[in-house]
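A.B. asks: Here is how the chains run, residue by residue.
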Amino acid sequence: MGIIELNQLSKFYGKAKGIENVTLEVNEGEIFGFIGPNGAGKSTTIRTMMGLIFPTSGSAKIFDMDCSKEGPKIRQEVGYLPSEVFYYDKMKVLDLLKYTAGFYQKDCDARMYELAEIMELDLKKRIEDLSYGNKKKVGIVQGLLHSPKLIVLDEPTSGLDPLMQKKFFDIILEENKKGATVFFSSHILSEVQALCNRVAIIKDGVIIKVDDIKSMREDNYKKITLRGLQIDQEKYKLEGVTHIINGEDSFKFFYKGDINQITKQIGNDNLLDVLIEEPTLEEIFMHYYK
Amino acid sequence: MLNIFKYEFKMYQKSILVWSITFITVTILLMAFYPSFGSDVAMVDKLLENYPKELLQAFGMGGELSLATVLGYYAFVFAFLQLFIAIQAANYGFSIISVEERELTADYLMSKPVSRAEILLAKFGATFITLCISNGVIWISTLAALKLFNDGKAYNLSNILLLLSTIIIFQLFFLSIGMLVSVLMRKIRSVLSFSLALAFGTYILNSIRAIVGGKLLGYFSPFYHFNPATILAKGSINIALLTLSSFVIIASLTATYLLYVRRDIYSL
Numbered sequence: 001m002g003i004i005e006l007n008q009l010s011k012f013y014g015k016a017k018g019i020e021n022v023t024l025e026v027n028e029g030e031i032f033g034f035i036g037p038n039g040a041g042k043s044t045t046i047r048t049m050m051g052l053i054f055p056t057s058g059s060a061k062i063f064d065m066d067c068s069k070e071g072p073k074i075r076q077e078v079g080y081l082p083s084e085v086f087y088y089d090k091m092k093v094l095d096l097l098k099y100t101a102g103f104y105q106k107d108c109d110a111r112m113y114e115l116a117e118i119m120e121l122d123l124k125k126r127i128e129d130l131s132y133g134n135k136k137k138v139g140i141v142q143g144l145l146h147s148p149k150l151i152v153l154d155e156p157t158s159g160l161d162p163l164m165q166k167k168f169f170d171i172i173l174e175e176n177k178k179g180a181t182v183f184f185s186s187h188i189l190s191e192v193q194a195l196c197n198r199v200a201i202i203k204d205g206v207i208i209k210v211d212d213i214k215s216m217r218e219d220n221y222k223k224i225t226l227r228g229l230q231i232d233q234e235k236y237k238l239e240g241v242t243h244i245i246n247g248e249d250s251f252k253f254f255y256k257g258d259i260n261q262i263t264k265q266i267g268n269d270n271l272l273d274v275l276i277e278e279p280t281l282e283e284i285f286m287h288y289y290k
Numbered sequence: 001m002l003n004i005f006k007y008e009f010k011m012y013q014k015s016i017l018v019w020s021i022t023f024i025t026v027t028i029l030l031m032a033f034y035p036s037f038g039s040d041v042a043m044v045d046k047l048l049e050n051y052p053k054e055l056l057q058a059f060g061m062g063g064e065l066s067l068a069t070v071l072g073y074y075a076f077v078f079a080f081l082q083l084f085i086a087i088q089a090a091n092y093g094f095s096i097i098s099v100e101e102r103e104l105t106a107d108y109l110m111s112k113p114v115s116r117a118e119i120l121l122a123k124f125g126a127t128f129i130t131l132c133i134s135n136g137v138i139w140i141s142t143l144a145a146l147k148l149f150n151d152g153k154a155y156n157l158s159n160i161l162l163l164l165s166t167i168i169i170f171q172l173f174f175l176s177i178g179m180l181v182s183v184l185m186r187k188i189r190s191v192l193s194f195s196l197a198l199a200f201g202t203y204i205l206n207s208i209r210a211i212v213g214g215k216l217l218g219y220f221s222p223f224y225h226f227n228p229a230t231i232l233a234k235g236s237i238n239i240a241l242l243t244l245s246s247f248v249i250i251a252s253l254t255a256t257y258l259l260y261v262r263r264d265i266y267s268l
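Protein sequences appear in the order of chains A and B. Quick note, the first sequence lines up with residues 1 to 290 if you use the UniProt record's numbering. Quick note, the second sequence lines up with residues 1 to 268 if you use the UniProt record's numbering.
In short, the hints are calculated from the structure, not lab data. Predicted, not measured: the structure shown is a model, and the values here were computed from it. Warning: the hint list may mix true and false statements.
Stated by the list, open to error - Only some residues are given here: those of chain A computed to face chain B with a beta carbon under 10 Å:
id : residue
1  : Q8
2  : S10
3  : Y13
4  : M50
5  : G71
6  : P72
7  : Y104
8  : V152
What the hints assert, rightly or not - Covered stretches of chain A (chain B as the covering partner; in silico rule of three or more C-beta atoms under 8 Å from a C-beta of chain B):
id : segment
9  : 51-61
10 : 86-94
For glycine and all other residues, C-beta sits at the position ideal for the given N, C-alpha and C.
Whole structure, please, built from the sequences with the hints as guidance.
C.D. replies: As C-alpha cells, this is what we get:
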C-alpha cells in the first residue's frame, strides 16, 4: 500500500484543465519530488490531496483513505506547507501555534518550541508584523509541530534565505529519518535532486515521467557555452551533444553523457571563456519533454 | 471544533461591545422622548393626521396604535431597532464563511483535521451565541427603557415580550441569507455593502408595500413578517408569515451546508 495513491485524478475548472489522469504512488518513507513549471498542475494535485478542492474524476487516497471523504482523519497525520502562507493577522505567533496544536489529538508543545527555536521564530510577535520570510517560518512550524507521518510541501522554499533553507531541509531530512514520508513539490530541479528519492514530472496537467533520482541524474544535462573565435564545431558532433545554437562568437549546446569526454574536447580548443551550467527546468521541458 | 468556536467567539468580542452600545443607545435615546409625546395625546395624533397613512406605516407608525401610547411609540422605536438588528445579522452572515477566503486563511484552516461541517457548525454556533447576547441586550434595554420612560401610562407587557421574542427569528433570517449568498459567490470583497444592501433592501421593500398596498412584496421582507405595530396591536404573530420566515431560514442553512461541504477553495 502506498502512502499516497492518485488514480486517474482529473480536475477541470469549468472547461479549463487543471490536471488530467494523474496517476502516481508514493511509498512509505520516501521523499518524493513533484516537479514541473509554474501552472503545470502541482498545486491543483496537492489541493485535491488536502481536500481543499474536489476532483472532477478519479481518486486521491492517503493512508488508503479517500481524500474527499475522510479528510479530517487523514489530515490528523499530515503536515502541509503551502507556497503562499496566510494566517490570522491579529494573532500572536504563539497563539497561532497553540491554536494549531489544538487541532491534533496529541501533545505538540515540546516539538513546537523546539521547531520555533531552530527556525529562530519570535513567538511574541503578531502575525501582521512579520516579514514574508518569517511568516514562512511560522508555516513550517505549524505544519510540522504534530510530527506528521506525511509532510506535503508545495514550493516551500520561496521567501526563505539560504541559511533558513538549509535548516529547513535538515528538519525535513530528520523527519524523514524518523519515518515521515515527504511529498515535495517544486519548480527548482536542483532542490528536488538534492533531497528526493523519486520524482514525478508534471507538465500541462499531465504526468510525463515518474523516475528515481538516480536515473534523473543519469539524465543530467549540462548546458555548455563556449566563447572563442576559432571553434571547430565539427569536433563537437559527439554522442550526447544536442541543440546546438551558434552565436557570433559563441557556441552553445546541451550535453548528456560522460563529463570527462566533453571537458577533454573543450580542453583542446583555444577558448576565450567557457560556462558549464545546469539548464533551467523550462529549458529541459522545452527541449526534452515536448 | 471547540477550538474554532473559541477562536471565533473571541473574534466577536469587540463587535459584541459595539453593537451592545448601539442597541442600548438607540433604545434609551428614542424612548427618552416618549414622555414628551405621550403627555399630549391629542396634539400628537393631530400632527400625524397631516401625513399620509402609507408614509407613516412605512416608518412603523400610523397603525392601529396611537404614537402617544406606550405600545404605539415602542413600535416606532422597534422598527429602528429592527434595521440595526438586520444589519448586524447580515454582516455576520456575509462574513463568517467569506472571511477565510478573502483573507486567504482558508488553506490554513481546512488543511487541519477538521471537516467542513465542523467548521460551519463552530462558526455558526459562535455567531448564534453572539446574536443571542445582542438579543439579550435589546430585551434588557427595552424593559429598562419602558420602566424609566413610560410617563406613568399603563401598557401590555406581554405584547412587548411577544414582539421581543421575534428578534431571534429575525436575526436568523438575515444571518442565513447572508451565509447562503456568500457560498453562492466566489468571493465577497465588501461585507458591509452586501449587508447594508440586504437590510435596507428588505426594509425599503416593506415600505413600498405599505405605500402601494397589498401583501405580495411583504412576503419577501421580514420587516413585514414581524411588523412591530401589527404585533403590538394584535398581541399575536401571524403564523403563516412566521412559518415562511422559518422555512427561508431552514432552506438557506441547508443549502449553505450542502454548497459549503463541496466548495472548491481556490488558491491565490
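A.B. asks: Please go over all the hints and tell whether each is borne out by the structure.
C.D. replies: Hint check:
A hinted interface residue such as A/Q8 counts as satisfied when its beta carbon comes closer than 10 Å to some beta carbon of chain B; here the least separation is about 19 Å, so the hint is violated. With 10 Å as the threshold, the beta carbon of A/S10 stays out of range of chain B, its nearest partner Cβ sitting at about 14 Å, so the hint is violated. For A/Y13, the interface hint holds, since its Cβ comes within 10 Å of a Cβ in chain B; the closest pair sits about 8 Å apart. Checking A/M50 against chain B: minimum C-beta separation of about 5 Å stays under 10 Å; hint holds.
Below 10 Å, beta-carbon pairs count as interface contacts, and A/G71 has one with chain B at about 7 Å; its hint therefore holds. Proximity of A/P72 to chain B holds as hinted, the smallest CB-CB distance being about 5 Å (cut-off 10 Å). Given the 10 Å rule on beta carbons, the hint for A/Y104 holds: about 7 Å separates it from the nearest Cβ of chain B. Because the smallest distance between the Cβ of A/V152 and any Cβ of chain B comes to about 8 Å, under 10 Å, the interface hint for this residue holds.
Closer than 8 Å: that is the beta-carbon criterion, and the segment 51-61 of chain A has 4 residues meeting it against chain B, so the requirement of 3 holds. Only when three residues or more bring their CB closer than 8 Å to a CB of chain B does the claim for the segment 86-94 of chain A stand; here the count is 4, and the claim holds.
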